Amino acid sequence: MHKSPFHGFSSEFLEYRSYTPGDSSGRIDWRKYAKTERAVIRLHEDETNLIAHILIDKSGSMAFSSGAVKKFDYARTLAASIAWILIRQRDAVGFAAFDEKVRTYIPPRSTNIQLKTIIGALDEIVADSPTHCGAAINTLAAGLRKRGLCILISDFFDNPDVIRQGLRHLRYKKQDVILLHILDTTEHLFKKKGSFRFRDIETGQELRMDGLTATQYFTKGLSVHTESIKGMCRELKIDYEMITTDEPFHKALHRVLEKRSRLL
Amino acid sequence: MNAVSFFKPEFFWALFFILVIILLHFFKRPRLTLLDFSTLRFFQADAVSSSRNRKLYKILQFITRVLAVITLIILFARPHDPRTAYSIFGNPQASVYVWIDNTFSMEYTKDSLSCKYNAETIVDSMHAILPSTIKLWCFDHQSKEFYLYGSQQELHSRFSGPCDIREAVDRFVKEAQAHPDAVFTVFSDFQKSTLPAIDSAFENWSTVKKPLILVSCTPELPWNYALQNAAVLENRVTAQIRTFNHTADAVRAVVTMNGINRGETAVNGVKRDSIATVSIETMKGMETDGLVSLDVNDPMSFDNKDCFSADHRSTLRIDIVGDRTRNYVISAALNAVSERDRYVISLHNESDVTYEMLDSSDIVIVNALRSPSRALDAFVTSKGTSCKSVVFCISASDSSLVWSRELLARAFTDNVRSMSIVHDTVYPVLPDTVSELWKQFPSRVINDLSITRYVRGFSGRPLVTFKNNDPFVLFTEDTKGKNWVVLTTSAGITDENTLFQNAFYVPLLDRCISFLNQKSRVSRTVWNAGEKYRNPFFRNDKRVSVYFEQTLISDNIAAQQLISFNETGIYRIVPDGEFPVFVKVQPDPAESVTLYGVPHIYSSVSSPVAHIENTEFIDTVHGKAASVRHIALWIVLVLLLLSEFFLVRSTEHVEHSGK
Numbered sequence: 001m002h003k004s005p006f007h008g009f010s011s012e013f014l015e016y017r018s019y020t021p022g023d024s025s026g027r028i029d030w031r032k033y034a035k036t037e038r039a040v041i042r043l044h045e046d047e048t049n050l051i052a053h054i055l056i057d058k059s060g061s062m063a064f065s066s067g068a069v070k071k072f073d074y075a076r077t078l079a080a081s082i083a084w085i086l087i088r089q090r091d092a093v094g095f096a097a098f099d100e101k102v103r104t105y106i107p108p109r110s111t112n113i114q115l116k117t118i119i120g121a122l123d124e125i126v127a128d129s130p131t132h133c134g135a136a137i138n139t140l141a142a143g144l145r146k147r148g149l150c151i152l153i154s155d156f157f158d159n160p161d162v163i164r165q166g167l168r169h170l171r172y173k174k175q176d177v178i179l180l181h182i183l184d185t186t187e188h189l190f191k192k193k194g195s196f197r198f199r200d201i202e203t204g205q206e207l208r209m210d211g212l213t214a215t216q217y218f219t220k221g222l223s224v225h226t227e228s229i230k231g232m233c234r235e236l237k238i239d240y241e242m243i244t245t246d247e248p249f250h251k252a253l254h255r256v257l258e259k260r261s262r263l264l
Numbered sequence: 265m266n267a268v269s270f271f272k273p274e275f276f277w278a279l280f281f282i283l284v285i286i287l288l289h290f291f292k293r294p295r296l297t298l299l300d301f302s303t304l305r306f307f308q309a310d311a312v313s314s315s316r317n318r319k320l321y322k323i324l325q326f327i328t329r330v331l332a333v334i335t336l337i338i339l340f341a342r343p344h345d346p347r348t349a350y351s352i353f354g355n356p357q358a359s360v361y362v363w364i365d366n367t368f369s370m371e372y373t374k375d376s377l378s379c380k381y382n383a384e385t386i387v388d389s390m391h392a393i394l395p396s397t398i399k400l401w402c403f404d405h406q407s408k409e410f411y412l413y414g415s416q417q418e419l420h421s422r423f424s425g426p427c428d429i430r431e432a433v434d435r436f437v438k439e440a441q442a443h444p445d446a447v448f449t450v451f452s453d454f455q456k457s458t459l460p461a462i463d464s465a466f467e468n469w470s471t472v473k474k475p476l477i478l479v480s481c482t483p484e485l486p487w488n489y490a491l492q493n494a495a496v497l498e499n500r501v502t503a504q505i506r507t508f509n510h511t512a513d514a515v516r517a518v519v520t521m522n523g524i525n526r527g528e529t530a531v532n533g534v535k536r537d538s539i540a541t542v543s544i545e546t547m548k549g550m551e552t553d554g555l556v557s558l559d560v561n562d563p564m565s566f567d568n569k570d571c572f573s574a575d576h577r578s579t580l581r582i583d584i585v586g587d588r589t590r591n592y593v594i595s596a597a598l599n600a601v602s603e604r605d606r607y608v609i610s611l612h613n614e615s616d617v618t619y620e621m622l623d624s625s626d627i628v629i630v631n632a633l634r635s636p637s638r639a640l641d642a643f644v645t646s647k648g649t650s651c652k653s654v655v656f657c658i659s660a661s662d663s664s665l666v667w668s669r670e671l672l673a674r675a676f677t678d679n680v681r682s683m684s685i686v687h688d689t690v691y692p693v694l695p696d697t698v699s700e701l702w703k704q705f706p707s708r709v710i711n712d713l714s715i716t717r718y719v720r721g722f723s724g725r726p727l728v729t730f731k732n733n734d735p736f737v738l739f740t741e742d743t744k745g746k747n748w749v750v751l752t753t754s755a756g757i758t759d760e761n762t763l764f765q766n767a768f769y770v771p772l773l774d775r776c777i778s779f780l781n782q783k784s785r786v787s788r789t790v791w792n793a794g795e796k797y798r799n800p801f802f803r804n805d806k807r808v809s810v811y812f813e814q815t816l817i818s819d820n821i822a823a824q825q826l827i828s829f830n831e832t833g834i835y836r837i838v839p840d841g842e843f844p845v846f847v848k849v850q851p852d853p854a855e856s857v858t859l860y861g862v863p864h865i866y867s868s869v870s871s872p873v874a875h876i877e878n879t880e881f882i883d884t885v886h887g888k889a890a891s892v893r894h895i896a897l898w899i900v901l902v903l904l905l906l907s908e909f910f911l912v913r914s915t916e917h918v919e920h921s922g923k
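Quick mapping for you: the protein sequence lines, in order, are chains A and B. Just so you know, my numbering puts 155 at position 155 of the first sequence, and the rest follows in order with no gaps. Position in the second sequence (first residue = 1) + 264 = my numbering.
Since the hints were derived computationally from the structure, they do not count as laboratory data. Every value quoted in this text rests on a predicted model; they were computed, and no experiment measured them. Note that beta-carbon positions come from the ideal geometry of N, C-alpha and C, so glycine has one too. Treat the hints with care, as some may be off.
[What the hints assert, rightly or not] Estimated spans, in silico, between C-beta atoms of each pair: (1) 286/B - 223/A: 36 to 42 Å; (2) 319/B - 224/A: 24 to 30 Å; (3) 388/B - 193/A: 28 to 34 Å; (4) 286/B - 204/A: 33 to 39 Å; (5) 130/A - 319/B: 27 to 33 Å; (6) 319/B - 107/A: 38 to 44 Å; (7) 204/A - 319/B: 20 to 26 Å; (8) 193/A - 391/B: 48 to 54 Å.
[As the list claims (entries may be wrong)] Each computed EDC-like pair below joins lysine to aspartate or glutamate, with the alpha-carbon atoms no more than 16 Å apart: (9) 191/A - 300/B; (10) 259/A - 241/A; (11) 192/A - 300/B; (12) 220/A - 528/B; (13) 569/B - 616/B; (14) 70/A - 300/B.
[To be verified] Here are a few chain A residues that face chain B, going by a calculated C-beta distance under 10 Å: (15) 15; (16) 16; (17) 20; (18) 24; (19) 61; (20) 162; (21) 184; (22) 205; (23) 217.
Same shape as in the complex, but just chain A (with noise of 0.2 Å):
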């Protein structure tokens, strides 16, 4: 999941440094320096000390399904799973779960009654409030203290310009963002024929319309949202994936993990 930027007192030895002013002698190789009379000083790699929040859209958007798997379900499985990555790493991992604002937050920790915690939060917070996405990552950005890791499990079904503002928000406060846009196969793929009427899961806004115009207006708009939210970590360089719903779990976190290696 990530890389720990300390070098600390582990075990595990990283690598060695030559010796410089103002290092500890008790930290010099002696066995090292008597093969080759250099004073180097040997590195180990620290364990831990990273802080990661996962962040959920719990917004009534997410409720929504065309299959047999919701977008939140899929969305709080994932999140359950990056959760128990990181505790296994003694990761310290926070949670949030927003909508309008911010509706759960559990601070993080690195214990195992973490994980406990974080799922007991997951399995209780139900998705049917508007959203508004981008003001809520604003106010979880305004609470982080230290730098961290945050993970970030939304359909962003919200203005792209106030993600933006929220997104900029959390790398303003040093945090190292993975986005994970969940979208559903209809969403993602849509395709309709026949008269329809629209009826907004979040709102209770309807709209009459054709198949053919709504899957070219949606096609269309969904591209232009996606791209711009793509644009828009490109430049704030955040780990953009998008996740669609008809995807195995698995698969879809090893590929997010195996991007995420790579990159490191």
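Let chain A serve as the given structure and place chain B on it in line with the hints.
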């Protein structure tokens, strides 16, 4: 009456299917499905209007298509104004009777299309455009009946032959009684040789009071070559080439015998409208029959060949009516001169003879009447079908004169009242050498022939007189068109004269027969194809077979009063055990003449007669109003299709703009 009617209203049944399509369209309209969706943020306001526009365009497209189909149905149903359309036929419920000229001249071909074919094509087109309310009847030249067009597989009889418009008109007059809106339509080239028949057929048309349409199929700038009068003498074949409106150059005349080329010659420099004789020396062969043909591509091909036969004889059927015992000498005398022309002579008593026998005869000789004869009465009072010649011998005995006078009174109303028997001995005088009957005979008085009784008072043109200037042989014509040679004394065995005992007897009878034969102008050896001729062997005791080119075509024709042959060529008529008679069947030579005219009826009667060129006929049938209406409908259809096109484009535009 409505302003617009439809000729094929049955097409409106198709509207039912339109209705079905409309109903299906509404029933199968996609139902509005409620779909809970994650977000509507991408469906902007213009998406909704675009969707509405698309729906509107779809509805407009559907309406346009339905209207286009309805317009097509209307076009097929063919609207018309009943007050003007097809006015040429009087009204849209007319029965149109069509006669297509069946003469050979209609085979005039230009650009590979004959006049007859053009006429038939026009009738086909007419059938296609006419509404079902107008019945189209065509004349069948074989059965001489009108048949409802489209009811038979064979649409037109291809038979070419003598003009049968008389039969068609007679049939039409009968049919018109059942069809008050009947119209008679004539398709003809109105060739000069056909015009008399047409004029004759329409002689009493004013009494029929039916519309008559004359459609002219006359070719433009007609020309023709014709080969006629082919004959053979030893190894030399001669024939005449006639040119009409054209000079003949580089034309080959070929003699074919038994399918083998026996000689040919080139014909050059024959001026237009002239006759040239070609002579072709042939290879020696056993054949006596053959064919001369012109190797040329002229518009009329039927007259480019002519048959010849070296061994042909003509026949003349003579029926003698009266006392058989007195008349057999006439039979014997004629048999004595029956070398050149074969006389087929039958003797009949007054009671034995039938009308058919007399009507089918070439010449009827009446002599020594002893009683009235119904057949003779009918014969002299009717026009008959063919027999035009009578030799009538007035017996100068009281008993016989009664019947002779009665019979003559039926044919000549004013000619018989002053007839009386003269008891005087007279001698015939051959008055001069230029007399019609007596050409090339020396002028002399025949003193060894005494006539003691004769009849005076029958008027006519004297051919031979007695010394006292009373007529001995007279010629006259009756009102029915028959030619009569009347002898004022008996010609058989009689006590009135010594004629039958004299050498003058045989040439006298022979001259009378030849004279009448010339008057009737019927060549006995050349028949016109399709024309009916008297059967020279009618009621012959023996079986009479007919062969055409070695093929037996009829087993026995003795029972047929009239016979006709349609195929041109040499026919062989063979009575059992006797010499055959050869008949050359050819198209009527008059059909080759490229002269055309207009029927007299066009300018002579008060009945509505229209004369139209064949190229304008279909347009005339359609009527200009119908054409304009059709054009308007086509414009509407085109506009609808254009609308459809633009709607499709607009729909695509809406779709593209949405992308």
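Here is what the structure says about each hint:
no.	hint	verdict
1	286/B - 223/A: 36 to 42 Å	39 Å, holds
2	319/B - 224/A: 24 to 30 Å	25 Å, holds
3	388/B - 193/A: 28 to 34 Å	51 Å, violated
4	286/B - 204/A: 33 to 39 Å	37 Å, holds
5	130/A - 319/B: 27 to 33 Å	31 Å, holds
6	319/B - 107/A: 38 to 44 Å	55 Å, violated
7	204/A - 319/B: 20 to 26 Å	24 Å, holds
8	193/A - 391/B: 48 to 54 Å	50 Å, holds
9	191/A - 300/B	15 Å, holds
10	259/A - 241/A	9 Å, holds
11	192/A - 300/B	13 Å, holds
12	220/A - 528/B	91 Å, violated
13	569/B - 616/B	45 Å, violated
14	70/A - 300/B	13 Å, holds
15	15	50 Å, violated
16	16	55 Å, violated
17	20	58 Å, violated
18	24	59 Å, violated
19	61	4 Å, holds
20	162	13 Å, violated
21	184	7 Å, holds
22	205	6 Å, holds
23	217	4 Å, holds
In terms of the numbered hints stated before, the structure departs from hints 3, 6, 12, 13, 15, 16, 17, 18 and 20, listed from lowest to highest.
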